[in-house]
Structures are given as C-alpha cells and as structure tokens.
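There are 2 protein chains.
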Amino acid sequence: MNRAAFLSTAVALAAALLASTATHADEGMWTYDNFPTAKVKQQYGANLDGAWLDRVREASVRLSGCSASFVSPEGLILTNHHCITACLSENSSKEKSLLDDGFVARNRGEEIPCRTQVADVLVGMENVTDKVEAATRGLDERAANEARKRAITGLEQACEKTTGLKCQGVALYNGGQQFLYRYKRYTDVRLVFAPETGIAAFGGDPDNFQFPRWCLDMGLLRAYENGKPVTVARPLRINFDGPKAGELVLVSGHPGSTDRLLTVDQLLALRNDELPPSLLRSNELRGRYIEFAKKGDAERRITADTLFGLENGIKVRRKQLDALLDEGMMDDKRAKEAELRARVAADPSFAGFGDPWADIAAANARARDIDTELGYLEGGAGFQSRLFRVARTLVRGAEERTKPNGERLREFTDAQLPRVQQQLAAATPVYPEVERLTMSFGFERMREWLGPDHAVVRKLLAKDSPDSLAASLIDGSKLADPAVRMALWNGGAAAIAASDDPMIKLAREIDGPARALRKRYEDEVQAPTAAAEEKIARARFKVYGTEVYPDATFTLRLNYGTVQGWVEKGSPVEPFTRLGRAFERATGQPPFSVPASWERARGKLDLSTPFNLSSNNDIIGGNSGSPLLNARGEVVGLIFDGNIHSISGSFWFDTVKNRAVAVHPAIMREALRKVYDAPALLKELGDR
Amino acid sequence: MNRAAFLSTAVALAAALLASTATHADEGMWTYDNFPTAKVKQQYGANLDGAWLDRVREASVRLSGCSASFVSPEGLILTNHHCITACLSENSSKEKSLLDDGFVARNRGEEIPCRTQVADVLVGMENVTDKVEAATRGLDERAANEARKRAITGLEQACEKTTGLKCQGVALYNGGQQFLYRYKRYTDVRLVFAPETGIAAFGGDPDNFQFPRWCLDMGLLRAYENGKPVTVARPLRINFDGPKAGELVLVSGHPGSTDRLLTVDQLLALRNDELPPSLLRSNELRGRYIEFAKKGDAERRITADTLFGLENGIKVRRKQLDALLDEGMMDDKRAKEAELRARVAADPSFAGFGDPWADIAAANARARDIDTELGYLEGGAGFQSRLFRVARTLVRGAEERTKPNGERLREFTDAQLPRVQQQLAAATPVYPEVERLTMSFGFERMREWLGPDHAVVRKLLAKDSPDSLAASLIDGSKLADPAVRMALWNGGAAAIAASDDPMIKLAREIDGPARALRKRYEDEVQAPTAAAEEKIARARFKVYGTEVYPDATFTLRLNYGTVQGWVEKGSPVEPFTRLGRAFERATGQPPFSVPASWERARGKLDLSTPFNLSSNNDIIGGNSGSPLLNARGEVVGLIFDGNIHSISGSFWFDTVKNRAVAVHPAIMREALRKVYDAPALLKELGDR
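Sequence order for the protein chains is D and P.
Quick note: the first sequence uses numbering that gives the first Met the number 0, first residue 0, plus one each step.
Quick note: the second sequence uses numbering that gives the first Met the number 0, first residue 0, plus one each step.
Chain D on its own, in the form it takes in the complex (with noise of 0.2 Å):
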C-alpha cells in the first residue's frame, strides 16, 4: 500500500482503539432499544432476544432516585432499604422511629402508605429527535433553548393526552438523541417490609462504598390501585441461591447522571468550580447535623436519614474529586477530546461547523461570574429550609399557572403539576429545630461567599444575624400545616399576594432576583452548552458510528458482567461475604451494632449464609434497588451499592477495579425467615 493511505489505515486504527476504549469489555449503561445482545451471546453464549428484554423492563421499577423491580404477582415490590427511607421518616416521629425499629406488614391491612412515594414503569420509547430539530431549526441558541423546551413540553402533554400514561422527554448522547418516555405511574405505593437500619446500614458511612460488606440493605413495597393491590403480569422470580463466581449477571435499572462525555473544560469547571465549595459546604453541614444530634435520641432520630444522605453525597463528591485531579485520567480525557477535534477538522463534511469546545468553555467562563449568587439565591445554598421550598414552590406556582404551558418554569407544566401538589399535601413531618439549624447555615454561607455587603444579604442580615433571622422565620410560618398550603395553593396569586406568612413574604421578596439569575444562567451558559454538546455529540456519531451508550439520565439501562471480585493493593478481595463476619465486627455502637432482633435469632441462623456480593457490573447512583438477573431472568442480587473505585464512575469506566455491591438473596430468605419471622412475605416471593 502507499505511503497516504497506510497512514490513513493507521489514524482509523488509531480512532476504533480510542472508540474501542470508550467501550470496555462489560462497561456501559445501554438502553433497552440499542443492548449488545450479538456481543453478550458471542461473549457468555446467552441469549437475551427481544422477548427477555421485554419481560426484565416490565418488570424494572423507577423510584424517587432509586430502582426496583416487581417480584410477586400481587405487586410486590424489592428495593433498597436506603431507598425508601423518605417513607420511613415521614411514617416516624421524635418518639418512634420505623428507621430504628424497622416494620414488617403482618397482613395487606398493615401496610403503610409512603404518602410521596411513586413508582414508574417503561412502557415506551420514541425517537423524537427529528420533531425537536425540526422545533429549533434555524434559530439562534437562546431561541433554539426555549423552542427546545417548548417543543418536549409539547410532546409530553400530547402523549399524555391520548395514552393516559406519564410521559417524559428524554435526552440522549447529550441531546444527540432526544426520546419520549412512557411510564405506567403508580401513585399509591406501601410500605411491606424494612429492616433496622442497624442492619440495612450495618457499618453505616465508615462502610459506605467499601466492600467486603454486611449489608441487609433491602425493602418492599407494594403498589395499590384503586385501593386493591395491582396485578403483575409477569413478576421477577428471586433464585433465593444465588449466583457463582465469575456467572453472567446483568443489571436493569436507572443509573443517575453520568459525565462520560463532558469536554475536559467541562471536567475542570467540575473539579475547580463546582464539587470544591459544595464539598466544603456539606462538610460544614455534616459537622452541625452530627453534633445537633448528640443532644438526645429525638435529635438523633430526625436527622439521620438526612445526615446519611449528606454523608453518601460527601463520599460521592470527594471520590469524584479525587478522580478529576488524577493528571493520567485528565491526560487521557485530553488525549482523546484532541483526536475527535482532528478528525472533526481534517473532514471537510465539517466545515461551517465552529468550534463547539471553545463554545462551551466561554460559556464556561460566563458561568463563573454568576454561579455562586446562582446557587445561593437559587440552588439550594442560600435557603436550606423544606418550609421556604414549599414557600417558593406556592408563589412561583401561583404566578407560573397563569401562564400557558409551554411558556412556565420546567417544574410547573400540567405534567409536573400533580406530583407537585402531592408534595405540598403529604403530611411530611417538619422539624422547627431542624429547620433553624439548616437555614441559619445557609445564611450565614450566603453571607460569607456572596459578601456581607452583596444587595441581597444586606437586605436579609442589615439587623438580623443568621440565627436571629431563620428563627423568626421558622417560628412565623404556618407552612408546616399542610391545610394552610393546599389554601394558599388553590387560592392562587391572590392568596399569595395577601398572605403575610414570613417565609411566602421572603419567597416573593427574593423571587425577582432569584429568576433573573436563573434567567441569564439559562441563556448564557445552559443555551449555548446544549447547542455546543449536541454538535459534539453529532461529530461523536459521525466519527465512531453508533455502538457507544449514551451517559446516565435517570432512565431504564440494562448492563451485564460477572460476579467477581478485584485486587486491592495487592491482596484479592473476594466477591462474597458471609453472616458470620457481621457479628464477629459488631462493636455494640452504632454503626457497628448489629439490631436486638438478630442477636436473638443468632442461634439460629446459618452464620455461613453468603450475606453481599461484588460484580464488574457497571452502575452509578439511582441504580440503587437495581435486580441483578442471571441469564434466565431471575433476581441473584439486590444492588445497593459500588466500592469506592466506582464512583470514578462518574467520569469512566475503571475495569480493573469498579465493582458494583448487592445483596445477595440467601441472606434475604434467613432473615425473612429467621429474624423477621415472616412466612407469608416468602412464600409471596416464591420461596418454597
């Protein structure tokens, strides 16, 4: 051959090892419509042919942030036990604790609504991405933004219209790919069956994200409709026996948020801008949860669920840091942004078409002018109260509902609109002490980072310190009262405009401020983003073709591996652990004390009971409650978590050390049976 096309051979060479690298053996999150069956059959010479995928998704639950799946005819439902804690804190008080204590339904009678708890089901996928191209044709990037949104607006309540199901705009590959998602929504959905969280959360935040683990880290629910329990089709079947090393397992669920395609400006926003003050701040925070808590047991209860989400989220980040300031990976990630922009400027096909990376790190740049005032005034820093988010939800509700559909705020079109008022009618129990604590915190880092002389701490602080000001606010409102919400909400702007409540009042105060932020951030920074990353990620198609998987987006994923373990620091750690080593590590204290109940059952039980397991699986946070399914479609383990080495898998896929956690099903079918003595629940779970 000749000299030019050698060369041309070697860069195509070059460019499928580079595509090939962003696919590893067993890495990546497809969705149901674009899985590798021909791979996974060539690879493990199982057959997962349309009807297998169809039976897993029916079957594969979304919940708030979580995943689950059905497991019993009668609507049964398997998740994680720190999924559905929101349930059991809404369900608990300053004296009892269903966290604590934990809660097995005797009977359908006994089972407790979750009052904000949904749960969804893929039932439908749409390309609709030439129908939004169509929307957005020709217009300039802050146009494009709003007939963008217009558009999946559009879509969505059509949908919903004529199938009567919940429907949802879905974007792919950055926006490369844009879908219409259909679920069949559950709403009434009850709490079955929770252990303590002694046991659920055995070792608690030291063992978060470690492995080997001793984590019963499970939960059931049960959906309703119409009052009755609802029918189930075609329910997963728990194998109570597990899987063996090194077997095919898969996992279907819904991975949160990935950033596997970010440009590397985008990567260093993240690991200079955004995860180092937020990282400080949920420390602080963590740091006042813990002492508040060592008041007394009420104090301890009411903030432990919170303060375990606050500490996975700080793992998480800290992890994340980590991984972004690891100079090989950011080497890498330049590496490979360096060789898609060759390609894109050696294609003349390419030409006109700009440079979408610099795009993105202008908009970058503008973000940081604005995004500290942004986050304080509008995310969630300044503010930090549930009773001053119900306030800015009933006065932005009030003015956005006047509003046709497609012209307000994300958060209040006619599709969000239910789950909207769900939330504001749920009587969630609102802790004043809890409250004070937060909002002073976020005051005085309002005060710190935007500067005690910005316009709006000075309106806020000019004779209030922190403290001062959250009492008076907490103490003033009446928005814990559900009744007094649903009025404020039903009465409208009217209501609002009248009401003299101090947190509505704070709300409308900030509210012009506030949206202009938000404003200028969604043109300046979100519009030209979503313009630049759909370019990129039209070049990304163009170049390495289709067999790539979109990051995480919240939305039904199906991904395969092995059970097994991984070398740490140069010892194996092996993939399962077993009952006995719980209690040999119990300490008596929390979060090392294993629950009363299973010091009883102790005789009893079988101590080699294999307890977690690890896979090469490739998840993320929101597959928690994921199944982990042999080849034949049975549950082989509940995933509950990844060891700390997954977290890089934020940015990409670590396949010598990312493991996913489960839990593995014998220990399920002991405790139900030994500990919980519940012998109904296992033979509605196909024990036999």
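Treat the hints as calculated values from the structure; they're not laboratory data.
Some hints could be false.
Unchecked claim - Straight-line Cα separation of at most 20 Å, EDC-like style, residue types lysine to aspartate or glutamate; simulated pairs:
id	chain 1	residue 1	chain 2	residue 2
1	D	K294	P	D474
2	D	K568	P	D368
3	D	K294	P	D466
4	D	K332	P	E432
5	D	K568	P	E447
6	D	K568	P	D370
7	P	K568	D	D466
8	P	K682	P	E110
9	D	K160	D	E406
10	P	K294	D	E443
11	D	K568	P	D466
12	P	K568	D	D368
13	D	K477	D	D466
14	P	K314	D	E273
15	D	K656	P	D368
16	P	K243	P	D258
17	D	K293	P	D370
18	D	K293	P	E447
19	P	K568	D	D370
20	D	K314	P	E443
21	P	K568	D	E443
22	P	K656	P	E567
23	P	K318	D	E406
24	D	K294	P	E443
25	D	K293	P	D474
26	P	K314	D	E443
27	D	K568	P	D452
28	P	K568	D	D452
29	P	K314	D	E447
30	P	K318	D	D466
31	P	K332	D	D325
32	D	K314	P	D474
33	D	K293	P	E432
Claimed, not checked - Taking CB as the label site, the calculated pair distances span:
id	chain 1	residue 1	chain 2	residue 2	range
34	D	G450	P	G123	45 to 51 Å
35	D	A244	P	G379	55 to 61 Å
36	P	V566	D	R367	17 to 23 Å
37	P	V566	D	D522	26 to 32 Å
38	P	G245	D	E410	52 to 58 Å
39	D	P428	P	S471	33 to 39 Å
Where a beta carbon is used, it is the ideal one built from N, C-alpha and C, also for glycine.
Given chain D, put chain P in place with the hints provided.
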C-alpha cells in the same frame, strides 16, 4: 552574529526574564543580610542603610506564630489582638471572657502574665552552610538526614552554652543555605491592653481576608525581666498620622511559610493529597464547633478563639487550593521548572547531578502510601485533644530525655525543653466538653479514613463508639491539673510506666505505631526530599545567581512596597477606610456588632479617622503584628491581614492584586484616647 550564538543569547535573555519574573517590583521577603538597599534607594530615594536595618531589627519581635515590635523604652510590645488571643483565653473562664470584654491595665500592677507567651528578638545570624555540609558529606540520604539534624542540634547547643541566647538552626532556600539565628528571648510577657473582639475582629469570618475593612486588631504586651519591665534602648516610634497614599512603606516581621520554590510535583501533592482532605476535615469541625457554641454563652466563649483560628485556616487553604487549581499558574510553574531543568541538562558542569525533580516525585509517591495513616496516628488528625497532646509529650519526653541530645526527636532537644516545661506547667484551662467534641471527631474521621478494620482503629473502637471512647478518656484523665503533669514529667520513665491515667495509657499504646510511621516518613520521604531540594537550590543559585529571596521560614524578613489599593472587577479599591463606615455597617448582631464602649463614645469620635489601610507589601501568615514602617523607620501601621488575593502569595506574588492590610495608627490613638480612656498608655506610646 551567527545562528548558534544568537540562539544561546536568546536562551540567556529568556532565562534572565524568567529570573526577573521571580522578583517582581516590590516582591520579596528579604533576609536582613541581603536586603536590596541599593534598589530601594534607586527606586524610592530612601536610604535604608546598615544602621537603619540594625535599629529596626533590634525592635522587631517574634511571638508564637506572630510578629510584633517594641514601641516604648519600657518594653511595650505592639502586636495584633488576634496574636494574643491565647493569652486572653487562658485568662478567661466560662463566666467571663477577656475576648468579649477587652482589657486595659490601668497600671503596672494590673498587667496580667501570659503564661505560654515568649518574645524573641533576633540579635545575630551566622551562615553555617559549610559546617552542616561537612557533617553530611559522603553520606547517603537517610544518614545525611540524621547527620544534618544532629549537626544542627549540636550547633544550637554550643551556641546557647556560649552566648546564653536562644539559638536556632534555620534552613533558607529549601536547605540551600543553613544559618544559625541567635535570639534574645523574653519569657515573662504580660498583657497590657486588648480591645473587645467585637471591634478587633469587626466583621469576623465574613470580613476576614477582605478589604475595605474596619478592625482595631491591636494589642499591647509588656516584656519583663526579673520582675521589672525591660529597658529598650531604641524602640520604634509611632507616627499617629500614618502614611500617605503611594508612600514607601516597609514591613519587618516573621512571615511563616511560603512555597514559592516547590517543584511542580510538590505543588500537585499539595493540591491533590494534602489540601482537600485537610479542608474537608476542618469544615466538618467548624460545623461541630458552631453547633456546639449555640448551646449557650459559656459554650460560645470557650470555643470562640479556636473557631476563629479554624475559620482563618479554612479560608487560607481554600484560596490556596483555588490558586493551585489555576491551570495558568501551574503551566507557568511547569515552564519555569522545565527551563531550569533544561539549563542543568545543557550545562556540562552539572555532570552527575542526577534528577532531583524525579527524586522528589518518587518521594511524593511514597508519601501517598503513608500520608493518611501518618496524619491520623502521628499528626494532629486522629487524637484531637489537648490532654492527649500533654500525654504524648509526657510519654515521649520520658523516653527521649534518656537519650543523648543529638539522638532525640527534634522537639525534645535541650534547647526545646524549657519551652516544653513552660507549657506543661501553665494552668491553661481545659474544657472537658470541648475535648470530648474534638476527640470524638478525630476518632470518627480516623475510622472513616483508615477504615474500621485498621489495626489501631479496631483496637480503639472494638467495643466503643468515638463518643464513648472520648468520654471515658477525658473523664478519666487527671492531666488537666498542671501539678499532675509536672509530677509525671519529673518522675520520668518510671512514673510514666506506673501511670494508669487512661490518656497516658493511650499515648503509650499508640507510640510504637506512630513513631514507626514517623521514622518511615523521615527516611523515605523527608530525607530524599531534603537532599533533592538542596540540589535544586544549588542549581538555582548557579543558574540565576543570588539576587533572589528564600521562601518564608518564620524568620525575620524585611520587605518594601507602597500604600495603594487595587482594581477589583473593574472598580478601584481605595487604600484607606474611615471610622464612620464601621458604624454604618453595624447590624447589632455579631460579628457585625460594634461594642458597647464604642457606641457610648460614638458622639465624641471623629468619624473621619482613618481606620485600616492597604499596601502592596509582600506578606504572609506570621507577618500578623508586624510594624508597617515609613522610610524614617516610624510605625505608620500595624499589619494584621492581607486581601483575599494575598493568599495565593503562598505560591507566587500577584503584583496586580495581592495587598497587605494594616491598622492605621490614627484609629489606635482615637480609640485609646476616647473609647478606652488610656492617657498613660498613649503617652508611653509617644503621643503628644
């Protein structure tokens, strides 16, 4: 010229440019023996000759972590309020706080001893580079590290014996030069005047490192000898009118630590490995303190000083991290390092020089393996308790004092022992509830970062929680009593071995693993790093000459600049603030509440009195309390802070935005005269 010659000239020019960028106009923390007198004369017309330098040096005072100056013939020492908070704290109680209330001694008899304060005046500097090099010649890195420490200890000892002065080895230019500094030490230092924290630190943490600013951050001590005030032959004179904008001003003081000569790998280690975990830890502790302090006035009082220091440190390290995340700055460091390495590689006289940059990188890689464990077991992260530090001092002191002076841990050499004893004997109050807070925090984080299955963690927390362990240690220990401490100190190894104080037992148990880690760190990280830094320092001398200044080492330095503001986001910041605006910014709530004494005096005060000022002097932490001098050597300000941009001064001097912040002498006079009614003090300070 021919092409080769042209090229080499170009390289030399580039090198000269690079070298000159290392010493920008007005940049530099100069040692008194290398002050650029000629350059200052040329630039500003001021003649700072040897006599001028001697006079200022003799009046410059070093305190613990701070700077100060003699300002009266009878031993009055002017420094910052925030430099004497330890003295104010140790003379406070839960009921009454000198921090809250301030203090004025109306006569000598009312002056209060600061039991742990010493004051040093630099009286001589000897270059001992040759002597130290002779002691290490031909030895490998570890042996050289030991020999160097022994040689320095020996020099210090001989010096103290012959002179009766306090002698201290000082490594300048990262070990490129070794000096022996001789200090006159005053160990009887008493409190004369302190304003209320409300005005000394007006604006608190939100205003810290900000300018414009309104802080009367001043305090007065007096040095005593043999029960009488010391006589100071040539004290500095205060010029209460202060400086003019643009006027030449100099700072004589003890900048603590800069890292401007670190290699790129060292900067990355700081950025990736050191700053993030330390910041996260500090922020959580901050949250714990803040929540604890809300319990009541007593809790607020006993934590106020510590919280202030903690928040100061957080702000510093946060901005250091920001500086190190700046890709432009890092690229500049990379370019400079590459240039020096290229020069070394191209110069045959460097044959056999090796690659000290690679040696440092290798040492840092080893450090990463032990950093976390070292920090928790030997550093301050794991055992956060004053009583534990006392216990460790007693346990180690008993062992070390049995060894020859040259073989001891550095902190137990004969030169250090008087100070160690002074601190053990001081009846500084210990608050058990604060000790429990910090110690529990340390244990909890130790378990998180070392893991619950780490041998030490398992041993400590096998049947305890961090809270229960901390409580039993603190409640069971008698080490809060100085008499108990001194009995154990004087009893030596036998007393330590016989003690059943739980804190002593803990310190004994932990000593083996902690010492082993320290030894490993010294051998595997410190020794090769010291050797490599020395090599690089020698190379830098050889290539760029000696017209550079060494990194700050908490030794006396003089720098020059002018009174000036800067431009912040397009708006000019004026270099002077005035009293009136402080009252306008007051909210009535800490940290923005003006003390009652000022509110009472308000009508009498001249609201146009200059309050604080900014200048472009090159300072850093440790310079707090330094006199700001005019060309005549008069005090025209009192350095107490830098602006937010000054924090990047750790790594480079930003001539455009880095500014020092000082108290204006006019506000000192106004306050002493009209608020504190202290005419005798004012008279002693030379006011007419």
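Straight-line Cα separation of K293(D) and D474(P) no greater than 20 Å?
-> At roughly 17 Å apart (the allowed maximum being 20 Å), D474(P) and K293(D) satisfy the hint.
Given the hinted pair K568(P) and E443(D), is their alpha-carbon gap at most 20 Å?
-> Answer violated: K568(P) to E443(D) is near 24 Å, above 20 Å.
For the pair supplied as a hint, K294(D) and E443(P), confirm whether the alpha-carbon distance does not exceed 20 Å.
-> Holds - the C-alpha atoms of E443(P) and K294(D) are around 17 Å apart, at most 20 Å.
Could you say whether the range 26 to 32 Å given as a hint is met by the Cβ separation of V566(P) and D522(D)?
-> For V566(P) and D522(D) the Cβ distance comes to about 28 Å; the hint holds.
20 Å Cα cutoff - pair K293(D), D370(P) | Violated, because 31 Å separates the two Cα atoms, which is more than 20 Å.
Do the alpha carbons of K682(P) and E110(P) lie within 20 Å of each other, as the hint requires?
-> holds, 17 Å
For the pair supplied as a hint, K293(D) and E432(P), confirm whether the alpha-carbon distance does not exceed 20 Å.
-> Answer holds: K293(D) to E432(P) is near 12 Å, not above 20 Å.
When you check the alpha-carbon spacing of K332(D) and E432(P), does it fall within 20 Å?
-> violated, 49 Å
Is K314(P) within 20 Å of E273(D), Cα to Cα?
-> holds, 17 Å
Holds or violated: are the alpha carbons of K294(D) and D466(P) at most 20 Å from each other?
-> holds, 12 Å
Given pair status - D325(D), K332(P), alpha carbons within 20 Å = holds, 18 Å
Is it true that the CA of K568(P) sits at most 20 Å from the CA of D370(D)?
-> holds, 16 Å
Hints 4, 7, 11, 16, 17, 21, 23, 30, 32, 35 from the earlier list are contradicted by this structure; the remaining hints agree with it.
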